[in-house]
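Fit chains B and C with the ligands to the given chain A structure using the hints.
Protein chains in written order, with the numbering used here: chain A, 3 to 397; chain B, 28 to 339; chain C, 35 to 140.
Since the hints were derived computationally from the structure, they do not count as laboratory data.
Glycine residues also receive a C-beta, built at the ideal position from the N, C-alpha and C atoms.
It is possible that some hints are incorrect.
[Said to hold, decoys possible] Okay, derived cross-link-like pairs now, PhoX-like style, lysine-lysine, Cα gap no bigger than 20 Å in a straight line:
#: 1; chain 1: B; residue 1: LYS127; chain 2: A; residue 2: LYS209
#: 2; chain 1: B; residue 1: LYS127; chain 2: B; residue 2: LYS201
#: 3; chain 1: B; residue 1: LYS302; chain 2: B; residue 2: LYS312
#: 4; chain 1: A; residue 1: LYS319; chain 2: A; residue 2: LYS293
#: 5; chain 1: C; residue 1: LYS81; chain 2: C; residue 2: LYS103
#: 6; chain 1: B; residue 1: LYS295; chain 2: B; residue 2: LYS308
#: 7; chain 1: B; residue 1: LYS91; chain 2: A; residue 2: LYS209
#: 8; chain 1: B; residue 1: LYS286; chain 2: B; residue 2: LYS335
#: 9; chain 1: B; residue 1: LYS127; chain 2: B; residue 2: LYS91
#: 10; chain 1: A; residue 1: LYS319; chain 2: A; residue 2: LYS294
#: 11; chain 1: B; residue 1: LYS114; chain 2: B; residue 2: LYS126
#: 12; chain 1: B; residue 1: LYS224; chain 2: C; residue 2: LYS103
#: 13; chain 1: A; residue 1: LYS209; chain 2: B; residue 2: LYS121
#: 14; chain 1: B; residue 1: LYS232; chain 2: B; residue 2: LYS308
#: 15; chain 1: C; residue 1: LYS46; chain 2: A; residue 2: LYS227
#: 16; chain 1: B; residue 1: LYS224; chain 2: B; residue 2: LYS286
#: 17; chain 1: A; residue 1: LYS46; chain 2: B; residue 2: LYS114
#: 18; chain 1: A; residue 1: LYS316; chain 2: A; residue 2: LYS294
#: 19; chain 1: B; residue 1: LYS114; chain 2: B; residue 2: LYS127
#: 20; chain 1: A; residue 1: LYS209; chain 2: B; residue 2: LYS126
#: 21; chain 1: B; residue 1: LYS335; chain 2: B; residue 2: LYS201
[Said to hold, decoys possible] From chain B, some residues computed to sit far from chain C (all C-beta separations above 12 Å):
#: 22; residue: ALA53
#: 23; residue: THR92
#: 24; residue: LYS232
[Stated by the list, open to error] Residues from chain A shown here face chain B by an in silico Cβ test under 7 Å; the list is partial:
#: 25; residue: ILE34
#: 26; residue: GLU61
#: 27; residue: SER68
#: 28; residue: ALA78
#: 29; residue: LEU204
#: 30; residue: PRO210
#: 31; residue: THR212
#: 32; residue: GLY214
#: 33; residue: ALA217
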Amino acid sequence: MPTQKTLAVTGNTLVAEAIRQCSPDVIPAYPITPQTTVVEELAKFVANGRMHAEYVNVESEHSAMSAAVGASAAGARVATATSSQGLALMWEELHIAAGLRLPIVMFNANRALAAPINIHCDHSDVMGARDTGWIILFAETAQEAYDNTIMSFRIAEHPEVLLPVMTTADGFITTHSIDRAQIMDDETVAAFVGDYEPENALLDFGKPVTHGSFAGLGGPYFEFKNSQRMAIERARDVVKSVGAEWSAITGRPFGMVETWGMEDAETAIVVIGSTAGNARHVARGLRAEGKKVGVVKVRCFRPFPYAELAAALKGVKAVAVMDRSESFGAEGGPLFLEVRSALYDLDERIPVVDYIYGLGGADVKIELIDRVFADLSDIASGTAAPSGLVYLGAR
Amino acid sequence: MTTIRELSHREDLLEGGHRLCAGCGASIAVRQVMLGAGGTPVVVGCATGCLEVSTTIYPYSSWKTPFIHNAFENAAATVSGVESAFKGLQRAGKIPADKKAKFIAFGGDGGTYDIGLQSLSGAMERGHDMVYVCYDNGAYMNTGIQRSSATPMGAWATTSEVGSVGQGKPQRRKDLTSIMAAHNIPYVAQASISDWKDLTSKAEKAFAVEGPAFINVFAPCPRGWRIPYDSTVEIAKSAVTSAFWPLFEVVDGEWIYTKRSVTRENRKPIEEFLKPQGRFKHLFKPGNEALLAQVQTEVDRNFDHILKRCGL
Amino acid sequence: MTWDISKIDEWKSDEFPRGAVIPDSGNSRDYVTGGWRSQRPVRDDAKCTQCLFCWIYCPDSSVNVADEKVTDFNLNHCKGCGVCAQVCPADAITMVPEGCELPEVK
Ligand code: SF4
Ligand code: SF4
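Excised from the complex, chain A in its bound form:
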């Protein structure tokens, strides 16, 4: 019988709990703000014999992901965590982990990238990894970070998928704030996650295999990339079905996207991560004034939920995308590019405006979101033309 306990804890504490409950065999760890308390918690669990994992104090994030690749290919369940510069340093290895089809689970505390150096939240780090072949989940709250982390192991290790999963939460905002959340009992999580049965483990000495071969010089590199694409496409259904299963146990919903007020919304904000809460708060106020506004939160960024977004936004008169990262020189931020592409196949053309906000932890004030809805209302009523990209609140 699943038993949940309600706690007041930080997102990082919950993520560390989730990792402990999923019993990885190896944890390569390197500290970086604001991920640090996750690896500290895990070190305590190991020191206290509460986890069987081999904890590897690597000398860099590059080696963290390198060791993760080795351990995963060896047949172990592997978890690690990072943030910002650390994720950037792993870039090469992220591609390799995905290309070798290794179901590594990594938590990322979303943080800005230098320069100038900055330790606060934005999504530049994760968005920089969006084309690496990882499945990417974003959490709005500590609760969701906990749930996503548990589901990540199931998704990654699913035989139809076998891809690494990045489970993320907003640095400081979610990782360090104390929040109310429910934690599931260990047995229920263990049963939900199950055992990892690797297919081509290095440590299966009876059947020696070669990992990391050279497929150039006319080799089938192209075919391997095609099969990787097929796998992440199959992951759509797996993310949904694993979400439905965990939802049945916990009573919490886990769609690829989460909608609020979209049944009859005329204008909507599309947003990722912790700001979804702010957006809903403003939307609630506007609804009370009779304004038909809605909010769409994207929980799964890779694979990107095109169909779900198009379905949610169909019929609205104007859409604002809130991007907490840049794609310098592109028409908008990464989320904007995806959302506009998702809407392209709809019969009617919906105006979409991109708002870059909150970079390096810049305050996401309620008035700023008020302004976004006000802009949308003007566009929807035809009193203003859709603007180009807006740096929301920048001087």
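Same frame as chain A, now just chains B and C with the ligands:
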């Protein structure tokens, strides 16, 4: 000490049919090192480089052991992950607690002295039960003979060119073996493919220790050194007899010189090592006498330094 | 394990083992590099002292040994480098020019 006859009963863990150049020193190094495993199951990791690419061209692999290539700079970290998985899975009860296995990483000098040094240093410091073997051929051979920090002083390479101003690599070599000894790990050795007895016995010791071991193996590259491909072993031999590449080991901090027949007094002049190699031919041109003398001084200084540490 | 790759050129993307894994380590035994050779080693059994130096120095694992004795060369793999002839202390190996009968190269 295992005799060559005894060694011949051990399985050759590197299969033929790989695509290394004829006469390559890397595969000679691998074969001799792997004979040292003596039957214990081994997982091999390899840094990007000639050895890796030539032995694993899809769909063919020359490794009869489990094998992993990850990237260029991280063979040590990768194999440390495999070794950690072994421990973690033993603790999880998925691998029997009494099961024995060995973990070995190979890297060239580019992947070890240069881009992989941090990863190697970290893995050694963490104390993983693994053997790291550098096959040192003194340049980035896989990308076309670019200089590395292992390239000898005065050597031509495609990024330390010889011209009206440049006369090959102006800098001294990095002494990687000593750097590894400074990690205070149980076993460090310097060996050469030419001295199979010395190398296979060092490999046996490296596999036998609990914890990290490092072997730096001199492994000539006929293509990069501009030598005929039948002279790989001969040239390695003259690196040893000229004291360009002294053979020694550091066992729990104790330095031991293992090639007692080569001394300060009877070491051959460095010309014997340099002259047959096209990459040094400019050193023998008029005007480069001083540079040649400097190379000899450098070799003697290094040799003296090692002998002193070995108490000789 | 033996891994049948005879039809590999017809495989569809999702028919390859995932992640470019080669599930049959050591299968380069089936890859012929003997065609690289311009000269082949010939051993004179009368001169040979069975010191096994040629075996331990061959870069291509191509000196076959059974019962502590050199039997022959694996000409599917031997690249004709001549290292064996160089290291032989008994001058028992001669490199002779390769004729035109080359093994079929895959
Ligand atoms: S010629 Fe070279 S490859 Fe052939 S058997 Fe002799 S050493 Fe080996
Ligand atoms: S090296 Fe020469 S003498 Fe020794 S085993 Fe080989 S062929 Fe015989």
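Hints and how they fare:
| no. | hint | result |
| --- | --- | --- |
| 1 | B/LYS127 <-> A/LYS209 | 16 Å, holds |
| 2 | B/LYS127 <-> B/LYS201 | 35 Å, violated |
| 3 | B/LYS302 <-> B/LYS312 | 11 Å, holds |
| 4 | A/LYS319 <-> A/LYS293 | 13 Å, holds |
| 5 | C/LYS81 <-> C/LYS103 | 13 Å, holds |
| 6 | B/LYS295 <-> B/LYS308 | 18 Å, holds |
| 7 | B/LYS91 <-> A/LYS209 | 10 Å, holds |
| 8 | B/LYS286 <-> B/LYS335 | 14 Å, holds |
| 9 | B/LYS127 <-> B/LYS91 | 18 Å, holds |
| 10 | A/LYS319 <-> A/LYS294 | 11 Å, holds |
| 11 | B/LYS114 <-> B/LYS126 | 10 Å, holds |
| 12 | B/LYS224 <-> C/LYS103 | 18 Å, holds |
| 13 | A/LYS209 <-> B/LYS121 | 16 Å, holds |
| 14 | B/LYS232 <-> B/LYS308 | 38 Å, violated |
| 15 | C/LYS46 <-> A/LYS227 | 12 Å, holds |
| 16 | B/LYS224 <-> B/LYS286 | 11 Å, holds |
| 17 | A/LYS46 <-> B/LYS114 | 18 Å, holds |
| 18 | A/LYS316 <-> A/LYS294 | 14 Å, holds |
| 19 | B/LYS114 <-> B/LYS127 | 11 Å, holds |
| 20 | A/LYS209 <-> B/LYS126 | 16 Å, holds |
| 21 | B/LYS335 <-> B/LYS201 | 18 Å, holds |
| 22 | ALA53 | 8 Å, violated |
| 23 | THR92 | 7 Å, violated |
| 24 | LYS232 | 18 Å, holds |
| 25 | ILE34 | 16 Å, violated |
| 26 | GLU61 | 3 Å, holds |
| 27 | SER68 | 4 Å, holds |
| 28 | ALA78 | 4 Å, holds |
| 29 | LEU204 | 4 Å, holds |
| 30 | PRO210 | 5 Å, holds |
| 31 | THR212 | 4 Å, holds |
| 32 | GLY214 | 3 Å, holds |
| 33 | ALA217 | 4 Å, holds |
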